[in-house]
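Visitor: Let the hints inform the model, and build the full structure from the sequences given.
Each chain is listed here by its residues.
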Amino acid sequence: MTQASSPPAVSIRNVAKSFGKGIYAFRVLDDVSLDIGRREFFTLLGPSGCGKTTLLRLIAGFETADSGAISIEGEDVTARPPFHRPVNTVFQSYALFPHLTVEQNVAFALEEQGMARDAIRKRVGEALEMMRMGSFAKRKPAELSGGQQQRVALARALAPRPRVLLLDEPLSALDLKLRKEMQIELKMLQEEAGITFLFVTHDQEEALTLSDRVAVMQSGRILQMGPPREIYETPTHRFVADFIGDINLLDGEALPGGGVRLEGGTVLSAPHNASGKVTVAIRPERARLAPAGEGALEATVVHSAYLGTAMLHKLDLPGGGTFLLRQSDPTEAAPEAGSRVGLALPAEALRVLDR
Amino acid sequence: MSAALRRFFLLSPALAVILFLIGVPLCLMAWVSLLDKGGTSGVDWSSAPSSANYVRLAWEEDFDGTMILNTSYLVIFLRSVSLAAVTTVLSLAFGLPVALWMASLSRTGRDIMLLLITIPFWTNLLVRNYAWLIILREDGWVSRFVNMISPWPVQLLYNDAAVAIGLTYSLLPFTILPLYTVFEKFDWRLLEAAHDLGATRKRALLRVVLPIATPGIVAGALLVFIPCLGAFVTPALLGGGKTLMLGNIIQMQFGASRNWPFGATLAVVLLAIMLVVMTAMALWRNRRTA
Amino acid sequence: MNPQRFPFTRETSLFVLAYLYVPVVVLIAYSFNANRTATVWTHASLDWYGRILVNPSIQSAAWNSLVIAVSAATAATVLALLAALATRRAFLGCGASEAILNMPLILPEIAVAVATLLLFVSLGVKLGLGAMVAAHTAFCIPFAYLPIRARLDGISGTYEEAAHDLYANRFRTFRRVTMPLLWPGVMAGFTLAFVTSLDDFLTSFFLAGPGLTTLPVYIFSAIRAGITPEINAISAVMLVVSVLLVSLSFFLGRLRR
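Chains as they are written, first to last, in our numbering: chain F, 1 to 355; chain G, 1 to 290; chain L, 1 to 257.
Hints in this document: simulated from the structure, not taken from any laboratory. In this text, all values refer to a predicted model and were calculated from it rather than measured experimentally. Even glycine gets a Cβ: it sits at the ideal position worked out from N, Cα and C. Take these hints with a grain of salt, some might be off.
Label pairs and their in silico Cβ distance ranges [said to hold, decoys possible]:
| id | chain 1 | residue 1 | chain 2 | residue 2 | range |
| --- | --- | --- | --- | --- | --- |
| 1 | G | Trp188 | F | Arg80 | 52 to 58 Å |
| 2 | G | Ala4 | F | Leu178 | 43 to 49 Å |
| 3 | L | Arg10 | F | Asp175 | 49 to 55 Å |
| 4 | L | Ala18 | F | Ser145 | 43 to 49 Å |
| 5 | F | Ser172 | G | Asp111 | 40 to 46 Å |
Guide: Quick look at the structure:
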């Protein structure tokens, strides 16, 4: 949180939500609590069905929570309908009103708030200018491209100057190139507008690029919350480690006093305070190739792919299973397919996770 | 206001209007069908309910009190059902090729055909049957032409054939539209597959297209058969009092004969036949999907 | 992918189109016939159109038809609109409600008409304009309901959520978003209900009561009395009005969403 003294932009306390009734009830959110700081770019990340969109809809007011409380800048909004909440949404489908022009779409909220006509015109102009859509003011949404509709949706949601902007997978309908452009633009927009952004996505790369903090969700719970670097480098759950980026997961048993015995029998030295069945996780770029017979593990090279900036080796472990290794200097000598190599696994690169 | 309460207030006016002006009257009619005819109002409301009107459908009391078979109403039922059946078959025979052809057209072509097929359905039934009256009437040029080439005098109007032509004319769009919706969604690559597997065009039509079109055929058949049973205008104009159908004798009981309870009985019979046909179709469809 | 053309489908289709439209064309052509005998052609004239314009029974029948159609279609459209909004999301009893709403479409009209006559007589309701408007409203509801419902199905609920999100309450959202998007469907529904009522013969025939006629009832009794060129002219007018209105509703229904 950026300011300890003032209340957070969004505060969620013990929120639960189920759909359906009786034996058909399905728990979508299970006791979720989180605080989002002011001017923070916060992302809810998870696979589809993890509850991230439901959480966003609860904050917007489209759904009501079964229990728990939601407040925005210290004000409890749990019981308020969406039209009495100081937040605006950028919808996945944009939901631009097809019967209104771009200008009328952007003016919609300002008119509902009873703003004076002149002030509305000025504000709409500013919002469209900020999104570089000024020349499209008189067009209907159907006459715009996907990227342009996206900008109008942003202008419309930002025009009333909400305390929090909610973005529901807003980039998912765009093609890859446009998506990359919009990512940068979104980040700059957030800094310029100085508004808290709550972003929902299933795209882990997008989440890592954009966010100040990320919450990874699965089955209605938040598994881990923190800055992108922390989520990537020190995952606390097997699911988080697996969901974000490529990773090697080696199952084994924790030895008292540190170290893990892998299923193949090899013992890795890795600091931990776990016990019982664990998984050792290591990113492909943190492992190193070593001459055969050296390193912590033995492996056979199956296939090597040249990626331009790196080499990616697929290796077979003797106990079964494959291991990915990213060799960051592609000009280095690469082992032949079929050759035996050693794997050096630095202790500080290993994460020991409960299974 | 809760969502359920709001829904109740939105929905109940329309349901109330239909139930009160259609549901209640039908129940009342079933009750009236058990009563005796009355003086000025047509119904003797104080009479004891009996099945006398239903007995009258097939039997009449002889002057010495014995019941003898009276086939005059049975003939009319039979004619109504067979004319409805003939019309259904004719409508399908014409509707199927039209629907197939429509599905083969371009987007705009389909839209134009859809409009052309729908328009007659929305124009006045009376007027459309009247047009046939003009075409087929005795001093019309069609009649004169037919009589010129025919060795014996031919009467085109006021017979079963004229009624069948009029009914088919009135109800044909009802078979085309459901069949078209089936063919519009039809995956025509299935035909190529059938040809690839050695089926000729005719065999492919029989073994692939028709089975898939069955729901559309059934829907279209029902949509023609049921209105046919209750037809009034077409037999009244083109049947000219000779080819009577159920609808005409119902009207006669409420008109000149002033026997409303018997008219109600005939209407109940009409609804019963309709119900039987629809139930049979529903059962058959369930068995097919089960 | 274009389906393969089957032999004779094109020929049959053209024949069917002729079957559907030749009688209509013949009727309209004869309405311009100057000859008193309705089926013997002499030369073109607008005489009969002039005559129907000044015929007082036709005028009053046309007026009655119009009053009934406007009132019944308006009432049916309002009721159907409310019902369509209520059945937008599935609920327990949704299927049953829709079955009741569509009931007038499958029931034979003659049975419903005589049943309604029995109801009105047993309740002591005076036959005439009021009775006809009530009965027409009931059977027009599904004709208004179906296009409104179809249009509503095409409107994503997200638009309303977006309006709520942009500070419009339920009423404002309905006025500014739902209704404008729904409007073509409402107009199409009204038009179809209007045409259905205007063209109705059977229900009016039984419920008109003494001394009151609508256009179709007038035409029916006139045909019974003998074919005249006036009937051709008035029939042609009714045809053209229906065709124009239905084409209008067709294009309204296809308006870009």
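Visitor: None of the hints should be skipped; say for each whether it holds.
Guide: Results for each hint:
1. Distance hint check: the CB atoms of G:Trp188 and F:Arg80 are about 54 Å apart, consistent with the given range 52 to 58 Å.
2. Restraint check, G:Ala4 to F:Leu178: a C-beta distance of roughly 44 Å satisfies the suggested window 43 to 49 Å.
3. A hinted range of 49 to 55 Å for the beta carbons of L:Arg10 and F:Asp175 is inconsistent with their spacing of about 43 Å.
4. Look at L:Ala18 against F:Ser145: about 47 Å separates their beta carbons, and that is inside 43 to 49 Å.
5. Taking the beta carbon of each, F:Ser172 and G:Asp111 are about 33 Å apart, not inside 40 to 46 Å as hinted.
Consistency with the previously given hints fails for numbers 3, 5, ordered from lowest to highest.
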